[in-house]
Amino acid sequence: MSILGNRVLRKEDPRFLRGEGRYVENLPLEGALTVTFVRSLFAHARIAGIDTAAAEALPNVQVLTGADVDIGPLTPPPLPGLEQGMTRPLVATDVVRYVGEIVAIVIAEDRAAGVDAAELVLVDYDPLPTVVSPQEAAKDEVLLFPAVGTNVAGHSGSPEHDEHLFDDCDAVVTDRLVSQRMAPCPLEPRSAAAELGPDGRITAWLSTQTPHQDRLGLAGALGMDPSQIRVIAPDVGGGFGAKQLSVEEVLLLWLTRRLGRPVRWTETRSESMVALHHGRAAHLEFTLGGTKDGKVLAYRLGILQDSGAYPVLGSFLPNLTALMSSGVYAIPRIEAGGRSVVTNTTPITSFRGAGRPEACQAIERAIEMFAAEIGMDPIEVRRRNFIPKDAFPHTTASGATYDSGDYEGALDLALHSAGYEELRAAQRSRREQGGAKQLGIGLASYIEITNPVAETEFGEIEITAEGGAIVRTGSFSHGQGHETTFAMIAAERLGLPIEQVTVVKGDTDDVARGTGTYGSKSTQLGGMAAGLAADDVVERAKTLVADYFEASPADIALDRALGRFRVVDAPEPSLSWTELASRAAADQRLGELKAAHDFQGIPTFPFGAHIAVVEVDVETGQVELLRLIAVDDAGTLINPLLAQGQVHGGVATGVAQALYENFVYDDDGNPLTSTFVGYAFPSSADLPLWEAVEMETPTPLNALGAKGIGESGTMGSTPAVHNAVLDALAPYGVRHLDMPANGENVWRALQEAKA
Amino acid sequence: MIPAAFEYARAGSVDEAVSLLGSDEDAKLLAGGHSLIPLMRLRFARPSLLVDIGRLDDLRYVRDGGERIAIGALTRHAQLVRDPLLAQHCALIAEAAAGIGDAQVRHRGTIGGSIAHGDPASDLATIVLTLDAELVARGPDGERTIPAAEFFAGMFETALARQEVLTEIRVPKVAAGVYLKVERRAQDWATVGVAAARVDGHVQVGLTSMGPTPLRARSVEEAVAGGASPADAAAHTADGTMPPSDVNGSGEYRAHLAQVLVQRALEQL
Amino acid sequence: MTRIALTVNGASCEADVEPRQLLAYFLRDTLGLTGTNVGCDTTSCGACTVLLDGESVKSCTVFAVQADDCAVTTVEGIADGDELHPVQQAFHEQHALQCGYCTPGFLMATISLLKENPDPSEDEIRHALEGNLCRCTGYHNIVLAVQAAARAGA
Numbered sequence: 005m006s007i008l009g010n011r012v013l014r015k016e017d018p019r020f021l022r023g024e025g026r027y028v029e030n031l032p033l034e035g036a037l038t039v040t041f042v043r044s045l046f047a048h049a050r051i052a053g054i055d056t057a058a059a060e061a062l063p064n065v066q067v068l069t070g071a072d073v074d075i076g077p078l079t080p081p082p083l084p085g086l087e088q089g090m091t092r093p094l095v096a097t098d099v100v101r102y103v104g105e106i107v108a109i110v111i112a113e114d115r116a117a118g119v120d121a122a123e124l125v126l127v128d129y130d131p132l133p134t135v136v137s138p139q140e141a142a143k144d145e146v147l148l149f150p151a152v153g154t155n156v157a158g159h160s161g162s163p164e165h166d167e168h169l170f171d172d173c174d175a176v177v178t179d180r181l182v183s184q185r186m187a188p189c190p191l192e193p194r195s196a197a198a199e200l201g202p203d204g205r206i207t208a209w210l211s212t213q214t215p216h217q218d219r220l221g222l223a224g225a226l227g228m229d230p231s232q233i234r235v236i237a238p239d240v241g242g243g244f245g246a247k248q249l250s251v252e253e254v255l256l257l258w259l260t261r262r263l264g265r266p267v268r269w270t271e272t273r274s275e276s277m278v279a280l281h282h283g284r285a286a287h288l289e290f291t292l293g294g295t296k297d298g299k300v301l302a303y304r305l306g307i308l309q310d311s312g313a314y315p316v317l318g319s320f321l322p323n324l325t326a327l328m329s330s331g332v333y334a335i336p337r338i339e340a341g342g343r344s345v346v347t348n349t350t351p352i353t354s355f356r357g358a359g360r361p362e363a364c365q366a367i368e369r370a371i372e373m374f375a376a377e378i379g380m381d382p383i384e385v386r387r388r389n390f391i392p393k394d395a396f397p398h399t400t401a402s403g404a405t406y407d408s409g410d411y412e413g414a415l416d417l418a419l420h421s422a423g424y425e426e427l428r429a430a431q432r433s434r435r436e437q438g439g440a441k442q443l444g445i446g447l448a449s450y451i452e453i454t455n456p457v458a459e460t461e462f463g464e465i466e467i468t469a470e471g472g473a474i475v476r477t478g479s480f481s482h483g484q485g486h487e488t489t490f491a492m493i494a495a496e497r498l499g500l501p502i503e504q505v506t507v508v509k510g511d512t513d514d515v516a517r518g519t520g521t522y523g524s525k526s527t528q529l530g531g532m533a534a535g536l537a538a539d540d541v542v543e544r545a546k547t548l549v550a551d552y553f554e555a556s557p558a559d560i561a562l563d564r565a566l567g568r569f570r571v572v573d574a575p576e577p578s579l580s581w582t583e584l585a586s587r588a589a590a591d592q593r594l595g596e597l598k599a600a601h602d603f604q605g606i607p608t609f610p611f612g613a614h615i616a617v618v619e620v621d622v623e624t625g626q627v628e629l630l631r632l633i634a635v636d637d638a639g640t641l642i643n644p645l646l647a648q649g650q651v652h653g654g655v656a657t658g659v660a661q662a663l664y665e666n667f668v669y670d671d672d673g674n675p676l677t678s679t680f681v682g683y684a685f686p687s688s689a690d691l692p693l694w695e696a697v698e699m700e701t702p703t704p705l706n707a708l709g710a711k712g713i714g715e716s717g718t719m720g721s722t723p724a725v726h727n728a729v730l731d732a733l734a735p736y737g738v739r740h741l742d743m744p745a746n747g748e749n750v751w752r753a754l755q756e757a758k759a
Numbered sequence: 002m003i004p005a006a007f008e009y010a011r012a013g014s015v016d017e018a019v020s021l022l023g024s025d026e027d028a029k030l031l032a033g034g035h036s037l038i039p040l041m042r043l044r045f046a047r048p049s050l051l052v053d054i055g056r057l058d059d060l061r062y063v064r065d066g067g068e069r070i071a072i073g074a075l076t077r078h079a080q081l082v083r084d085p086l087l088a089q090h091c092a093l094i095a096e097a098a099a100g101i102g103d104a105q106v107r108h109r110g111t112i113g114g115s116i117a118h119g120d121p122a123s124d125l126a127t128i129v130l131t132l133d134a135e136l137v138a139r140g141p142d143g144e145r146t147i148p149a150a151e152f153f154a155g156m157f158e159t160a161l162a163r164q165e166v167l168t169e170i171r172v173p174k175v176a177a178g179v180y181l182k183v184e185r186r187a188q189d190w191a192t193v194g195v196a197a198a199r200v201d202g203h204v205q206v207g208l209t210s211m212g213p214t215p216l217r218a219r220s221v222e223e224a225v226a227g228g229a230s231p232a233d234a235a236a237h238t239a240d241g242t243m244p245p246s247d248v249n250g251s252g253e254y255r256a257h258l259a260q261v262l263v264q265r266a267l268e269q270l
Numbered sequence: 016m017t018r019i020a021l022t023v024n025g026a027s028c029e030a031d032v033e034p035r036q037l038l039a040y041f042l043r044d045t046l047g048l049t050g051t052n053v054g055c056d057t058t059s060c061g062a063c064t065v066l067l068d069g070e071s072v073k074s075c076t077v078f079a080v081q082a083d084d085c086a087v088t089t090v091e092g093i094a095d096g097d098e099l100h101p102v103q104q105a106f107h108e109q110h111a112l113q114c115g116y117c118t119p120g121f122l123m124a125t126i127s128l129l130k131e132n133p134d135p136s137e138d139e140i141r142h143a144l145e146g147n148l149c150r151c152t153g154y155h156n157i158v159l160a161v162q163a164a165a166r167a168g169a
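Protein chains in written order, with the working numbering: chain A, 5 to 759; chain B, 2 to 270; chain C, 16 to 169.
Calculated from the structure, these hints are not laboratory results. Each hint should be verified, as a subset may be incorrect.
Derived DEER-like restraints, expressed as beta-carbon distance ranges [as the list claims (entries may be wrong)]:
#1 B/Arg47 <-> A/Pro81: 40 to 46 Å
#2 B/Tyr62 <-> A/Pro133: 28 to 34 Å
#3 A/Pro133 <-> B/Ser251: 24 to 30 Å
#4 A/Val457 <-> B/Arg47: 45 to 51 Å
#5 C/Ala26 <-> A/Arg205: 38 to 44 Å
#6 A/Gly423 <-> B/His203: 47 to 53 Å
Glycine included, C-beta positions come from ideal geometry on N, C-alpha and C.
So that you can see chain A by itself, here it is in the shape it has in the complex (with noise of 0.2 Å):
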């Protein structure tokens, strides 16, 4: 009887559960220094002078700037596009790009002392004209970089543009789509710490998602050789994609290195909603084409991405965005690409989602536009146009090949779960009635490439001296539950108990390599990793068993549920790992249950289906979302309780996409939604009960037949509940609605379509 595919309870749960997480903010550092980052107040502006007397007077205070620091600046990655010329110092000396950006370091013995310290460095700044959004800024008239010349950071998808696409189409919709700009807002902000040891080591203490990454980054910042640097990530409180390696944790480590002593920093939730990556920000014009009969010819989207101030991952997500737009449907011509620009303001990187749910947004708005165009129900759009389930693999025209996917058979499941044909005839109903409060109801279709960029994972099995089991992984869990999933893998394939098998992860000199946790890769991935070393280890006991009983490996078996060695068909004698184990110590043999493996996979696809309803006070603007079903196929679940749990977190995200959050800067920079009071994060009152339903349709791609589900809740709620909200509006008039689709921008809508 397998553990896998259980509802199992989280082993790492007692330590979060009694208050003794080890985030890094918790960790004690004996003797260190706390460091307080002094922020620009101008989005655009020359540093004409910085006067540190007044801080530096306050005792044991010291102040550094942008001349102090003689390392850096840090290049955009090196994705294909990307231009390199965008540097980033790591403390602005000239310049200063956006609001947040660090114009000063300051050291004091604690954080008290540090902020008033901080409060007294006198800037002074010659302000320069900004642009704030990504439209002006590709006027390339004001711009970031002087010397670069322009403002494209890069370009994304295929430059070609066939102005004859659309001569064959009988119906041609087109609409913009603003993919907000959102800030990840994970409820724990960044810590990092760092010690100097007294061999030259460094070893650093980072609230991140990807330690071994971060490891190499710090290593090229600093001229440092990789095993000069120890990365710790001990328990980490989210990160939804932003939390990799940024300018602070290369300056918590530069200054450990020339203060000569340990030095810790905490951001504050309003320094974070600054100087912590954005995500979204992609301004979508799309184009649709199809016949009277609902067959979709051709499709055009073009991506304005907004990068921030800086290039980061965020410039490159473009890519995926014009990688997935033909979404879950068969469409014989596509053309998707843009650009990303810089602005003054916060850098974009990814966020949940990266680049994938903008694809589905605006792909599901077009599919509805198109069949309000032609008068069709836009199921019967859908149904006309799904890639069919015996299609796989398939190549889509944006070049993307899914592995499977059964994508007619999810929205089917959706709508028998939601009832659908129940909901509008409620909807009718109230229609005929009238009043203020009306019903909406909107679907969307969508698929998710999870590992998007094919990458490799390690994992390592270890047996003990008691017989239990170590899992290493390069994988980083941040609430994932690795520790419980893979735990649950390693003890299947060795036919071990749960209890006696200890995930480890995040420490750079315990684990060897590792990629981190992002993409939604790491059970496809490290679960991969973990079992394959698993299965190594068993090979290596069985030659260690054979050994013991003078017998051939091949004529060895493990029986998984009794966790026993033995000779093939006969039962006895055997052995149990703890026996093994202990008798393989005694003869300095256990070294040999030891085995790592490096699993690539290429990109896998989940899939689903998701519905939304809604209210939407026609008077108010108020919408209130009642319901939200989704169906989501990530392929088999190893544990379906912790794949439900991201489902219910990622649809959280998607419906405050469409509804609620929204960071906006005013035409000086300047951010208005800087705080959890102006940034519209929603609380259990602003949401339901999620109506999470199961569908697994497994990969061939990997023997565990698992896709990635940590992302895919973000894909179909927010088109889902654009999607309601217009529909809810549709009798008005109203046929373009900017999200958050709530309040005032429903009002206006409103508004506009009567005049």
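Chains B and C: place on chain A using the hints.
Leaving out everything else, chains B and C in the frame of chain A:
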């Protein structure tokens, strides 16, 4: 974030608080702290002395004073929510209190603190203005009663002198009252709020977040008194208002919302 | 400095504190009780929620001096040795935590809620927890955990 440093003194009585306020011209009172401490953490407020009156339990009460209900200024929002006298005679206050902030905030925040802060976004401030409440204050020259209509002077400015302590709020017993608000999220301040009540036979209407102070919608009240329907009376809602524009909504949207809420409130009364 | 004397998780404690020290940092930095987390600076997120004389409060919006002569309970004080508090157990069984950072605040807010309202409806639970933010769970399992804890008579 960390507040700027300050001196701290705990007052054992109102008179002691008055005296302590007189000792430092940048002194502020600390009651529940849920208006003041958030400002201090962001360093928007930097009092040099905090006079803590949070322990003055004899300012925590709800009493039947005959024509009016007397509420001690340090009564916490959570206490207002469950008070039987308010439920019976002025339910509007109890209902509005249930929507202030969140459960944790309501365990600490006080009615006096909320009103004395002079925030145009305060639900209770709007309600006391709508009800023509009386605000009782004690200062170095003794006690005085300030009518609500004279209490709110400007944004975060009240009629309280620097050394005065608000001690009691007296509200009329009302036959009917309703408080409606629109919020972006459940925990947000009201984008706009509307209080409506029948006080001594008159319909009185107040507005939250439609100007630099809570406002009475006098034109609406006159229209109602003149026999106008809720819809027609509500058309006067924006008269004399200056609704702010911020991330919660533009002034135009607020004016529209206020009108919708006024109509609904009048219909419910 | 001001001298305060209070009980924290049942144990008496005396200390000299700067008036500006928030209760959250007194618990974390002075007493080493790092279970209470600080997730924001606008009294919005509730990760810092503790019980003050039995009622939930946001310890980031209370000065330590205000807790003088009071009883504070933090997440470290609710289990009974090895045995989890029923609310902790319910959160575990309903998978109501992922990264764990908001969890102490939710546990304390839930304990306070169930003390005031032992059998809350789903709406009452959501309204009572609107001062606690979570980015990981989408709140669904948290609501289920509170309902389970209520049924268990927590």
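Open item on the list: Please check whether B/Arg47 and A/Pro81 have a Cβ separation lying inside 40 to 46 Å.
Closed with: Taking Cβ atoms as reference, B/Arg47 and A/Pro81 lie about 42 Å apart, which means the hint holds.
Open item on the list: Within 24 to 30 Å: is that where the Cβ-Cβ distance between A/Pro133 and B/Ser251 falls?
Closed with: With Cβ atoms ~26 Å apart, the hint holds.
Open item on the list: Against the range 45 to 51 Å, how does the distance between the Cβ atoms of A/Val457 and B/Arg47 compare: consistent or not?
Closed with: 50 Å, holds
Open item on the list: Against the range 38 to 44 Å, how does the distance between the Cβ atoms of C/Ala26 and A/Arg205 compare: consistent or not?
Closed with: Holds, at about 40 Å.
- [ ] Go ahead and decide if the range 28 to 34 Å is satisfied by the Cβ distance of B/Tyr62 to A/Pro133.
- [x] Because 59 Å falls outside the window, the suggested range is violated.
- [ ] May I ask you to test the hint 47 to 53 Å on the CB atoms belonging to A/Gly423 and B/His203?
- [x] 49 Å, holds
Hint 2 from the earlier list is the only one contradicted by this structure; the remaining hints agree with it.
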